[in-house]
Amino acid sequence: RCAGRVEVQHSGRWGTVCDDDWGLPDAAVVCRQLGCGAALAAPPGAWFGEGSGPIWLNGLRCRGTEERLALCRHRGWRPHVCAHEEDASAVCSGCARARCAHVPPTHGSQGPVLMLTPASLPGIPTVRLVGATGRCAGRLEIFHAGQWGTVCDDLWGLPDAAVVCRQLGCG
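In UniProt numbering, the protein residues as written are 1 to 171.
Take these hints with a grain of salt, some might be off.
What follows is a list of derived Cβ distance ranges for each label pair [claimed, not checked]:
id, residue 1, residue 2, range
1, Arg-139, Ala-83, 23 to 31 Å
2, Arg-73, Ser-11, 14 to 22 Å
3, Asp-154, Glu-67, 35 to 43 Å
4, Gly-53, Ala-161, 37 to 45 Å
5, Asp-154, Ala-41, 38 to 46 Å
6, Arg-75, Asp-160, 15 to 23 Å
7, Thr-65, Pro-159, 41 to 49 Å
8, Cys-165, Asp-20, 29 to 37 Å
9, Gln-9, Val-151, 30 to 38 Å
Derived by calculation from the structure, the hints in this document are not laboratory data.
We put the beta carbon where it would ideally sit given N, CA and C, even for glycine.
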């Protein structure tokens, strides 16, 4: 199932979305943009844990029919006065296609990159892939001690990549 804290990349930097005015129509747009099916819930209050970095969006007012989160009404792309304890989350029904994937902006427009960051279970760190089109390709990063870092490729192989792919729901 596709679920996690909503994070957006803007001006080359990852940040979160404030849950002020956050609701099911907003989560529906996130789920659609990520190819993750229908929105089941829009949990408030950093349900999947607090993020870090800037809080890029606040006061989102999606109708629920938009193709991308960037097309929803909001209070502007800038750091907002909102605490990470208010980071927005989304729970989607699952993959609308064979696997969940980032749906690129249409008509050649460039929009912010979007992802859901799941909460880490004890002993299981949160990982993400960055720097490529889609959420199932890119450089591996791991969230540890409140910040994102890279993973050294010494002794890295296909079995390791397979674990990351399974953890991210990428097959």
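Cross-check of the supplied hints:
A C-beta distance of roughly 29 Å is found between Arg-139 and Ala-83, which places it inside the suggested range of 23 to 31 Å. Look at Arg-73 against Ser-11: about 20 Å separates their beta carbons, and that is inside 14 to 22 Å. Range check, Asp-154 to Glu-67: about 41 Å between beta-carbon atoms, so the 35 to 43 Å window is met. Between Gly-53 and Ala-161, the C-beta spacing of about 26 Å breaks the proposed range 37 to 45 Å.
Restraint check, Asp-154 to Ala-41: a C-beta distance of roughly 41 Å satisfies the suggested window 38 to 46 Å. The hinted range of 15 to 23 Å is not satisfied by Arg-75 and Asp-160, whose Cβ atoms lie roughly 41 Å apart. Checked against the hint of 41 to 49 Å, the pair Thr-65 and Pro-159 passes, with Cβ atoms roughly 42 Å apart. Checked against the hint of 29 to 37 Å, the C-beta distance between Cys-165 and Asp-20 comes to roughly 35 Å, which is consistent with it.
Here the CB-CB span from Gln-9 to Val-151 is close to 19 Å, at odds with the stated 30 to 38 Å.
Consistency note: the structure conflicts with the earlier hints numbered 4, 6 and 9.
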